[in-house]
Amino acid sequence: MKTITERLRVPGAFLLGAVLLLGIAPVALSDFRLSLLAKYLCYAIVAVGVSLAWGRGGLMVLGQGVFFGLGGYAMAMHLKLADAADTGEKIPDFMQLYGTSDALPWWWKPFANPAFALAMTVLLPMAVAALVGFLVFRRRVKGAYFAILSQALAAALSIWLIGQQATTGGTNGLTDIQGFFGYSLDDPVNQRMVYFVIAAVLLLLMALARQLFVSRYGELLVAVRDSEERVRFLGYDPANVKLVAYVVAAGMAGLAGALFVPAVGIISPALIGIVPSIGFVIGAAVGGRASLVGAVLGAIAVAWAQSTLSDEFPAAWTYLQGLLFVLAVGFLPGGLASLGTVLRRRRTPATPKEEKVVVMAGEAA
Amino acid sequence: MSGLSISRRGLLYGASALGASAALTACGAKTGSGTSSDAGAKADTSGSTVKVGLLNSLSGTMAISEVTVHNSLLLAVKEINASGGVLGKKLKPISQDGASDWPTFAEKAEALIKDDKVVATFGCWTSASRKAVKPVFERYKSLLFYPVQYEGLEESPYIFYIGATTNQQIVPALDYLKKQGLTRLYLVGSDYVFPRTANKIIKAYAEAKGMKVVGEDYAPLGSTEFSTIVNKVKGAGADAVFNTLNGDSNVAFFKEYKSAGLTAKSLPVLSVSIAEEEVKSIGTQYLEGQLTAWNYYETTPGAANKKFVAAYQAAYGKDKPTSDPMEAAYISLYLWKEMVEKAGSFDVAKVKAASDGITFDAPEGTVTVDGASQHVYKTARIGKVGSDGLIEEVWNSGKPIKPDPYLKGYSWASALS
Amino acid sequence: MTVVLNQSFTGISIGAVLLLIALGLTLTFGQMGVINMAHGEFIMAGAYTTYVLQKSISSAGLSLLVALPLAFLVAGAMGALLEWLLIRRLYTRPLDTLLVTWGVSLMLQQLARDVFGAPNVQTAAPDLLTGNISAGGVTFANNRLFILGLALLCVLGLTLVLRFTPLGRRIRAVVQNRDLAEVSGIATGRVDRVTFFIGSGLAGVAGVALTLVGPIGPTMGTNYIVDAFLVVVVGGIGQLRGAVITAFALGVLQSVLEYSTTVSVAKVGVLVAIVAFLQWRPQGLYTLRTRSLA
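Going line by line, the protein sequences match chains A, B and C.
Quick note on our numbering: the first sequence kicks off at 1 and runs consecutively.
Quick note on our numbering: the second sequence kicks off at 1 and runs consecutively.
Quick note on our numbering: the third sequence kicks off at 1 and runs consecutively.
Certain hints may be false.
[Stated by the list, open to error] Here are the simulated lysine-lysine pairs, BS3-like style, with alpha carbons at most 25 Å apart:
#1 K408/B to K90/A
#2 K399/B to K209/B
#3 K200/B to K90/A
#4 K109/A to K30/B
#5 K402/B to K342/B
#6 K90/A to K30/B
#7 K280/B to K55/C
#8 K55/C to K320/B
#9 K117/B to K342/B
#10 K55/C to K318/B
These aren't lab readings, by the way, just hints derived from the structure by calculation.
Since the structure is predicted, the reported quantities are computational estimates derived from the model, not experimental observations.
Please put together the full structure from these sequences, using the hints given.
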């Protein structure tokens with residue numbers, strides 16, 4: 001039997017997070033700091049998905065940049081079209097400069113519709129993930145193969161986007177976004193509104209992920225991670241179990257990318273390739289991949305450290321980043337979230353297996 | 001199991017509260033309403049020092065180039081402070097690292113303007129980083145001085161373009177090639193905005209002036225495999241190669257070029273992104289005799305340049321070369337100083353109004369600010385890589401060329417913008 | 001016709017570079033299942049070894065010859081150290097080695113930046129290797145021939161070591177059944193370290209060769225790392241011949257695509273082709289029946 005405090009712990013923590021993000025942060029932080037936080041929260045949203053797919057499902061998702069980018073481009077394409085319509089132009093500014101014709105490419109056209117574009121920010125990444133996942137998991141490609149395949153896909157998408165300058169903006173990406181569904185992004189009040197949307201989405205997705213974690217499906221996912229063969233012998237199809245986690249994580253990354261656009265005002269291939277894709281799992285790894293709260297806080301903390309430390313000590317920051325990686329992943333696979341558990345374990349010598357630590361850390365979420 | 005249902009209900013309440021709070025959030029100005037709010041980013045000029053922002057990549061792939069620009073910016077700040085500062089105030093440089101990442105550039109630009117309240121910002125290298133920060137400077141009505149040659153087709157009211165635009169680098173380079181009788185060109189470039197735009201201009205020029213583009217190839221940024229491209233170049237029957245490759249790719253390209261038996265004599269390459277620093281890292285073994293197009297070389301004659309080179313090498317090392325973007329960065333601070341002093345104020349609107357006609361005896365020769373386009377009159381110079389790794393000028397435009405970012409003064413370019 | 005021949009040679013020379021950078025990985029990744037993202041930095045170490053040597057040996061040809069074995073030792077020692085410090089603790093978690101070694105690669109790149117400076121450095125190539133041989137309209141660049149020869153020599157050497165030496169026998173035993181090997185008295189820990197030494201050393205050799213064709217700088221390793229892994233993945237685990245065939249096949253495919261389309265499209269095309277290929281043969285060209293990876 002759980003005590004009453006144990007029962008209230010999760011909703012209590014959730015409420016605390018909501019108060020911090022929606023109540024205290026907007027009051028305590030300047031416009032600029034808040035817009036930075038908005039950006040970090042976008043990375044945190046990706047981390048929620050990473051926590052699900054990697055922490056719980058054991059899928060090394062090293063291609064989240066692909067989904068982040070698809071979501072971001074879907075959103076940015078709509079916003080660019082809306083900006084163009086506002087100024088009475090038929091095509092976005094960059095196409096006038098670099099394009100070859102005055103006609104909008106056919107695949108841009110549907111994005112003029114806000115509902116379609118919004119749906120695409122999530123559905124497009126999920127569809128791509130479903131296709132890739134279906135092919136890959138069915139053929140039982142896993143582990144290192146899956147990780148390297150993900151990297152190859154990220155590289156391919158970013159090279160392709162760069163090559164299509166006339167229709168995608170090339171290396172520049174889509175920049176200079178003025179409005180967000182009719183609201184001017186120049187206005188600090190609207191910037192705050194964007195922050196609130198992002199914070200709310202993060203909290204909602206964390207709630208959703210938490211429900212997935214504790215559901216039957218969540219148990220199954222962990223089982224697949226720890227022993228795929230046994231799950232198969234029990235009559236489940238591990239491919240489908242993994243596919244769901246992968247697709248949901250992709251949808252979250254897509255949504256994060258879409259929200260990143262109004263928060264930062266740019267989406268570019270620089271956010272998609274191999275390095276940023278590894279970047280998306282760094283935070284989760286450091287904070288604790290299997291712990292939802294750990295992954296989210298880790299993502300925010302790493303992004304924050306990146307932007308504050310890299311100015312003062314660019315060289316030292318690179319060393320620190322590398323070291324953090326080595327220490328967190330190498331010696332503390334449950335991330336900082338498992339620090340308490342690990343220390344407790346040290347005191348009581350009945351050592352459970354390494355893998356166990358991860359699961360326990362996860363339950364603390 | 002009961003714990004589960006409680007948490008589920010709790011979460012549901014939380015979630016609905018969230019939705020409500022998001023919906024209740026106050027909404028600001030609509031797009032196109034023209035009230036782009038004061039944005040409240042006033043530069044701080046109250047103390048005895050004013051802050052200037054230096055925005056360069058100190059880490060990441062672009063750090064190689066941008067650190068040198070950063071160094072020469074710091075040198076200029078030091079010199080200006082030693083001679084009494086600007087309007088009696090000393091400059092305090094605030095460095096922010098763009099980390100070779102465009103969204104980071106936008107973030108850091110905002111930090112400089114809003115947190116540090118700088119009076120002006122100097123930096124950016126790639127077009128992508130400039131495009132990323134442009135809306136930020138426009139939103140907060142703050143000034144950026146951009147020191148690198150670029151692809152033109154841009155006139156932001158809040159950016160001063162101190163590097164060359166296309167009619168001060170690409171067009172004179174084409175004039176030079178034409179005069180040498182090298183009329184069949186092969187275009188090789190990295191896959192990004194500058195090469196693609198430059199090549200569009202080259203093709204328009206070629207068509208109008210009886211030159212011929214016999215091939216055009218792009219390699220992804222950072223690509224180091226050029227055997228196929230060099231094969232194509234070799235078989236195309238070109239007179240010259242117009243090279244807009246950037247960074248690492250140049251090293252691989254020229255190594256491949258030489259081993260395919262191509263030389264500066266048999267098929268000269270004119271490069272627009274290879275300066276003294278790059279020559280050092282590629283090696284004169286591969287580059288000797290090849291052409292470059294810039295507005296400044298370390299060897300450019302004149303007392304102003306002697307002083308600049310000596311000061312730079314005294315500060316950063318005897319073996320450190322100076323290059324065009326470094327020189328442009330260096331003079332950008334001096335030009336800004338002149339503007340502020342002419343305006344008698346740090347106020348952005350007044351500085352902009354005072355900018356037209358400001359001249360400066362720069363290392364590259366006399367430069368003059370064109371207030372209308374916020375670009376600079378610059379002398380174009382074609383150079384040849386020597387065996388000592390320095391670039392010797394072989395031709396110059398004689399007088400500073402009026403900047404024309406949209407190439408409006410060139411009839412053959414009418415279809416471009 | 002000469003175009004076809006020239007492009008064929010180009011494809012083979014791209015393949016030779018791929019083979020050389022992937023060869024070390026066939027040991028560390030293929031045989032041991034370790035995803036070492038710092039492999040690219042071992043390549044870099046080899047290239048910088050050449051650079052440092054040229055400061056004391058002015059003859060470009062001689063320094064290159066000395067650099068080859070020296071780079072093997074330098075990179076090999078770095079690899080063995082990495083194995084001893086970190087990787088041996090992670091054999092049960094192969095995926096985590098990917099992230100750990102990524103962290104190591106970040107640190108090594110920064111170290112190179114601090115020691116040698118951020119800009120690329122140059123090395124002189126011996127005159128013999130900057131020329132070319134022409135035969136029937138086809139140009140064979142000498143540096144490419146050298147790399148091809150070196151790659152084949154390394155393959156041959158590695159094959160001989162694995163097939164005919166006691167060390168090779170032990171390596172194969174450990175790969176095929178670690179527990180059984182241990183039971184029969186093989187010090188698997190030491191075999192792992194030696195394997196890692198050789199694999200990393202080969203990366204160093206590749207680095208020396210790459211100074212002839214590419215840039216030498218702190219981030220050079222990142223240019224090659226994913227390509228190298230793809231070669232091994234497609235070639236199949238633990239199979240030298242798989243890697244050889246794959247490297248040349250990918251090289252030719254890339255050169256054909258580059259010639260007929262653009263470099264960007266070729267890159268994307270090759271990546272997509274690999275993904276499709278792995279659908280068809282998820283375990284790569286050749287498979288060795290062994291304890292499964294991950």
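These are the hints, each one checked on the structure:
For the hint linking K408/B to K90/A, the alpha-carbon distance of about 23 Å falls within 25 Å, and the restraint holds. Between the alpha carbons of K399/B and K209/B the distance comes to roughly 23 Å, so the proposed pair stays at or under 25 Å and holds. Taken as a hint, the K200/B and K90/A pair is honoured in the structure, with Cα atoms around 22 Å apart against an allowance of 25 Å. A hinted pair counts as satisfied when its Cα atoms are at most 25 Å apart, and K109/A with K30/B qualifies at roughly 24 Å.
Taking the CA atoms of K402/B and K342/B, the gap is near 22 Å; set against the 25 Å cutoff, the hint holds. Taken as a hint, the K90/A and K30/B pair is honoured in the structure, with Cα atoms around 21 Å apart against an allowance of 25 Å. About 15 Å separates the Cα atoms of K280/B and K55/C, which keeps this hinted pair within 25 Å; it holds. Distance restraint check for K55/C and K320/B: the Cα-Cα separation of roughly 18 Å lies within the 25 Å cut-off, and the hinted pair is therefore satisfied.
Distance hint between K117/B and K342/B is fulfilled; the C-alpha atoms sit about 22 Å from each other, no more than 25 Å. A hinted pair counts as satisfied when its Cα atoms are at most 25 Å apart, and K55/C with K318/B qualifies at roughly 18 Å.
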